[in-house]
Amino acid sequence: MKRNVFIAIIASIVAFAVIIPNCRAQSRRDKEQTYVLKTPYAVEKITPPQGKKIKNVILMIGDGMSLMHVYSAWTANRGHLWLDNCQTVGLSKTYCANKLITDSGAGGTALATGHKTNYHMVGVDPEGRPLESLCKLANKKGLSSGVAVTCRLWDATPADFCCHNTDRDAEAAIVTDYVNCDVDYVFGGGSKLFENREDGRDLFKELRDKGYQTPRSWEELAGIQKGKVFCVTDTVDTPLPAERGDLLARASMKAIELLNQNPQGFFLMIEGSQLDDYGHFNDLDLLMQETHDFDRTVGRVMQWAAQDGETLVVVTADHETGGLTLVDGDLDEGRIVCKFSTGGHSGVMVPVYSFGPGCENFTGIFENTDVMKKIKTLMGL
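Numbering (my numbering), first residue to last: 635 to 1015.
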């Protein structure tokens, strides 16, 4: 009898732990949220390069970012975004192999490998067979490759480009794949699964044995001038946008500095990771902070690409998160009024922006797998 009472108490506690956050999220979804960007940032007009040669490709993923996220951010910044410099726009269909509404595992795998896979899988086909990503294909051809994100490295999107698993929740197993992924530059969070592991492995040591430098802070990373880099700055995710400043932009430009030393060229994936988190939380304030941080990173990358002249920049998303709707606002005030329709993902098509040589290939409506296939063809992989 006592055991049954104890079990009932534990079950009640667990139920409340689940119900309370869900109720808070539901409360947010039932109400309009207002956001004002008090200090808008400047945006410049960038003249795109006129040449047609493609030496490098930079794929930028706003995790969970839809046209509504972009238009809301545009409104909040008084009608200006760095994304406006993109020359072409297309629409990507995001469904996965076994579900209409995808996740970052299957959605990111489509962008990374050109294959639809099952929900929650990373870097494998529906039968669980490993797939080669753009990073792997670039390395096989003698190009360099890199990944820079604001999330933990066992999260789905970076794992889609570097790891292979049938379940994105197999986090401790997923990170072990980084040791043999051969990507030249990796930046993100998640150190807690790289060291002090239950299996006794020290993945940082194993990476150093493979020839990687393993800086643990931006300051250490900033001093590196060449070579392969695997930088993990935080225990889990990198800090909130207001706390970390322009870390994603700095990490991305460091990646470009190092990868561009390869005369053959490079492929780089950059993710604004926490858009997805704040969409799930239905937190408009943090969502706009992260979206604007991602846009400013896009601006830094596009400025460099315009000067380089042989770099294609593609900006897209793996899916939409939160069912965001802009219901009111004021462009002159930078005020937006939004509502969320879900705490999960929705099934809308997502934008594909492009800038630089080859951008004309990313117009129209196409499958998310075609993003990878187009990049693969343009780079001759």
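Hint data in this document are derived by calculation from the structure and do not stem from the laboratory. Small disclaimer: the values here were computed from a predicted structure and weren't measured. Note that beta-carbon positions come from the ideal geometry of N, C-alpha and C, so glycine has one too. Accuracy of the hints is not assured; some may be wrong.
The following label-pair restraints were derived from C-beta to C-beta distances [unchecked claim]:
no.	residue 1	residue 2	range
1	Gly981	Lys679	28 to 36 Å
2	Pro873	Asp803	34 to 42 Å
3	Gly1014	Gln941	39 to 47 Å
4	Asn830	Ile858	35 to 43 Å
5	Ala676	Lys727	28 to 36 Å
Simulated crosslink set (BS3-like; lysine-lysine; CA at most 30 Å straight-line) [as the list claims (entries may be wrong)]:
no.	residue 1	residue 2
6	Lys844	Lys826
7	Lys750	Lys733
8	Lys860	Lys686
9	Lys826	Lys687
10	Lys774	Lys888
11	Lys860	Lys839
12	Lys686	Lys973
13	Lys1007	Lys888
14	Lys689	Lys973
15	Lys1007	Lys727
16	Lys839	Lys686
17	Lys775	Lys686
18	Lys687	Lys844
19	Lys686	Lys1010
20	Lys862	Lys1007
21	Lys844	Lys775
22	Lys888	Lys839
23	Lys775	Lys888
24	Lys750	Lys689
25	Lys672	Lys826
26	Lys775	Lys665
Outcome of the hint check:
1. Gly981 to Lys679: 28 to 36 Å: About 35 Å separates the Cβ atoms of Gly981 and Lys679, which means 28 to 36 Å holds.
2. Pro873 to Asp803: 34 to 42 Å: Since the Cβ atoms of Pro873 and Asp803 sit about 24 Å apart, the hinted range of 34 to 42 Å is violated.
3. Gly1014 to Gln941: 39 to 47 Å: Violated - the Cβ-Cβ distance for Gly1014 and Gln941, about 23 Å, lies outside 39 to 47 Å.
4. Asn830 to Ile858: 35 to 43 Å: Check failed, 25 Å falls outside 35 to 43 Å.
5. Ala676 to Lys727: 28 to 36 Å: 35 Å Cβ-Cβ, so the 28 to 36 Å window holds.
6. Lys844 to Lys826: Holds, at roughly 20 Å.
7. Lys750 to Lys733: holds, 11 Å
8. Lys860 to Lys686: Answer holds: Lys860 to Lys686 is near 28 Å, not above 30 Å.
9. Lys826 to Lys687: Cα-Cα ~42 Å, so violated.
10. Lys774 to Lys888: Holds, at about 23 Å.
11. Lys860 to Lys839: This hinted pair holds, its Cα atoms lying about 19 Å apart.
12. Lys686 to Lys973: Outside the cut-off at roughly 42 Å; violated.
13. Lys1007 to Lys888: holds, 27 Å
14. Lys689 to Lys973: Roughly 42 Å separates the two Cα atoms, so the pair is violated.
15. Lys1007 to Lys727: holds, 14 Å
16. Lys839 to Lys686: Cα-Cα ~42 Å, so violated.
17. Lys775 to Lys686: Since the Cα atoms of Lys775 and Lys686 sit roughly 20 Å apart, the hinted pair holds (cutoff 30 Å).
18. Lys687 to Lys844: violated, 33 Å
19. Lys686 to Lys1010: Since the Cα atoms of Lys686 and Lys1010 sit roughly 16 Å apart, the hinted pair holds (cutoff 30 Å).
20. Lys862 to Lys1007: holds, 27 Å
21. Lys844 to Lys775: holds, 20 Å
22. Lys888 to Lys839: This hinted pair holds, its Cα atoms lying about 23 Å apart.
23. Lys775 to Lys888: With a Cα-Cα distance of about 22 Å, the restraint between Lys775 and Lys888 holds, given a limit of 30 Å.
24. Lys750 to Lys689: holds, 27 Å
25. Lys672 to Lys826: Outside the cut-off at roughly 36 Å; violated.
26. Lys775 to Lys665: violated, 52 Å
Figure legend: structure checked against the earlier numbered hints; hints not met, in rising order: 2, 3, 4, 9, 12, 14, 16, 18, 25, 26.
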